[in-house]
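Peer 1: Residue numbering for the sequence shown follows my numbering, starting at 103 and increasing by one per position.
Because the hints were derived from the structure by calculation, they are not lab data. Don't be surprised by glycine CBs; every beta carbon is placed ideally from N, CA and C. Please note that a few of the clues may not be correct.
Now the in silico label distances, taken between C-beta atoms and shown as ranges [what the hints assert, rightly or not]: (1) S539 x R257: 16 to 24 Å; (2) V328 x R352: 32 to 40 Å; (3) Q174 x K325: 18 to 26 Å.
Calculated pairs, DSS-like style, for lysine-lysine (alpha carbon to alpha carbon, straight line, at most 30 Å) [unchecked claim]: (4) K525 x K393; (5) K234 x K199; (6) K393 x K550; (7) K262 x K296; (8) K524 x K188; (9) K188 x K525; (10) K296 x K393; (11) K372 x K262; (12) K393 x K325; (13) K550 x K505; (14) K402 x K524; (15) K402 x K188; (16) K372 x K325; (17) K236 x K372; (18) K199 x K296; (19) K325 x K234; (20) K262 x K234; (21) K199 x K538; (22) K550 x K538; (23) K550 x K524; (24) K402 x K525; (25) K505 x K393; (26) K325 x K538; (27) K372 x K550; (28) K236 x K325; (29) K525 x K262; (30) K393 x K372; (31) K199 x K262; (32) K296 x K325; (33) K372 x K538; (34) K505 x K524; (35) K372 x K199; (36) K372 x K505; (37) K199 x K393; (38) K188 x K236; (39) K372 x K234.
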Amino acid sequence: MNGKRPWIEEASVGENLEGEELQNHQPRDVESQRDLNAEGPTKKGKSGSISNDTVSSHPQEREEVVDEVTIQDLSYATESWQGFKKVNEDRFINQSKHLLGPVFGIFDGHGGTFTAEYLVRNLMRTVRSCWKQKNQSVQASFENIYRTSCLECNRSERLKAQMLSLAEQIREIETLISQSHGEEQVMELDVLRKELLSTTEAVQREIDQIDREEHERMDHYHKLAVENETRICDAIREGFIRTDSNLIQRQDLRDGSTALIVWFVGYGTKRLRFFVANVGDCRAVLCRYGKAVPLSIDHKPDRPSEKQRITQSGGFVGQIAGVARVYAAAGAGLALGASKTAIYLSVSRSFGDVKLKFPSPIVSAEPEIAVFDVEEEDLFIVIACDGIWDVMSNEEIIEIGLKLFGDPKAAADAIVKQAYRKKSQDNLTVSIIEFKSREPQAAAALEKQSRSTNPLHATTAAEGSSPINNSDEIDMFTI
Numbered sequence: 103m104n105g106k107r108p109w110i111e112e113a114s115v116g117e118n119l120e121g122e123e124l125q126n127h128q129p130r131d132v133e134s135q136r137d138l139n140a141e142g143p144t145k146k147g148k149s150g151s152i153s154n155d156t157v158s159s160h161p162q163e164r165e166e167v168v169d170e171v172t173i174q175d176l177s178y179a180t181e182s183w184q185g186f187k188k189v190n191e192d193r194f195i196n197q198s199k200h201l202l203g204p205v206f207g208i209f210d211g212h213g214g215t216f217t218a219e220y221l222v223r224n225l226m227r228t229v230r231s232c233w234k235q236k237n238q239s240v241q242a243s244f245e246n247i248y249r250t251s252c253l254e255c256n257r258s259e260r261l262k263a264q265m266l267s268l269a270e271q272i273r274e275i276e277t278l279i280s281q282s283h284g285e286e287q288v289m290e291l292d293v294l295r296k297e298l299l300s301t302t303e304a305v306q307r308e309i310d311q312i313d314r315e316e317h318e319r320m321d322h323y324h325k326l327a328v329e330n331e332t333r334i335c336d337a338i339r340e341g342f343i344r345t346d347s348n349l350i351q352r353q354d355l356r357d358g359s360t361a362l363i364v365w366f367v368g369y370g371t372k373r374l375r376f377f378v379a380n381v382g383d384c385r386a387v388l389c390r391y392g393k394a395v396p397l398s399i400d401h402k403p404d405r406p407s408e409k410q411r412i413t414q415s416g417g418f419v420g421q422i423a424g425v426a427r428v429y430a431a432a433g434a435g436l437a438l439g440a441s442k443t444a445i446y447l448s449v450s451r452s453f454g455d456v457k458l459k460f461p462s463p464i465v466s467a468e469p470e471i472a473v474f475d476v477e478e479e480d481l482f483i484v485i486a487c488d489g490i491w492d493v494m495s496n497e498e499i500i501e502i503g504l505k506l507f508g509d510p511k512a513a514a515d516a517i518v519k520q521a522y523r524k525k526s527q528d529n530l531t532v533s534i535i536e537f538k539s540r541e542p543q544a545a546a547a548l549e550k551q552s553r554s555t556n557p558l559h560a561t562t563a564a565e566g567s568s569p570i571n572n573s574d575e576i577d578m579f580t581i
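Let the sequences and hints guide you as you build the complete structure.
Peer 2: Given below as structure tokens:
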């Protein structure tokens, strides 16, 4: 380890809380020792939340930027450590405001950081462009709904502030009535009190009407997402492929990266659809009433469908150092020469990795896309790089997230520390996205889990397999 403390974090590049464009794409070393048992470790990663605050006398109005959509009652955090590796090649994005809805992603680089950083800057920008180029009328419909929602929610906030003022006036009048001794004065005050009560009822009816119409708007937004599911998937797919095509044109490209994004389409957790797009072996898992629900499937070379695609493209799959790897003719000894190098990759899909893209794309950047609706029992989503999943099972990670529900930063921190204790040899990055309004469901799920006679036990991703070693973990090596 060259004397370098393995728990020193190298902060990953990510979006800021408002989803604004990155100002600095370079990783930075944080030279501070990690006490794995400390309750208050040094700040690291990214976290944030979007919530409905209690109405004050001067409510903060929602922005009417209808191109960028946010979700109320969403909380998230990302933790990223370099672990036992010399450099942290992981990158991530947390864009709480984005076209159609928030997007979160992890990019697990190998052989360098250029590709992962390129994805941070360009992947969703390209997806966005692909969507807008072909779906202008549909986008206008989404924007009209969200624009009306912003305006009406701002009006609702003002009415709620008015309700607080009316309630205070009524209390003051009732105090005066209780202190008055003259019958005429009491009658006058009572008339005023009734007028204020009538006004309060009218304002409340208006608020209720706005709420009913808002539910209808959310339903309409969700209906649009369902009706245009294929269009959204096409934009994601085209954006991924176009990004990789632009990337591999660079003559100096030497590395690659996997990618996984979770893209929410909606602006409320009660009517919300999300798209999971995966290239490689990062993974997304949902906690549904305390149970782990996989949202993606790892792209490993020995997965039957992937192996068939690779061999049909002229590639090879073999076991090297105990790990299934994909390689080209050079790796099979069929095209070795003075200027030829062979790359052996442990994932079957990735961005970059030029030597496995030409002359035939043995490794693909086309994403597998899955679509889900958020249900009432859904509590949070975990997305993480393979350094986490190599040593921890879906169930173990969900158990940690459930116990720490309400504090996604603490949950992400606990997961990374646990993976480090289990001797994962890779970088460690995990993002937690919580649906904040689900505290009662989380408490019920945790109570049910505590009564279970078969508590969750940690296993590695490959059930029953022995702990990984350094040679197994390396994503890519060359000969």
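Peer 1: So which of the earlier hints does this model not fit?
Peer 2: 10, 18, 20, 29, 32 and 38
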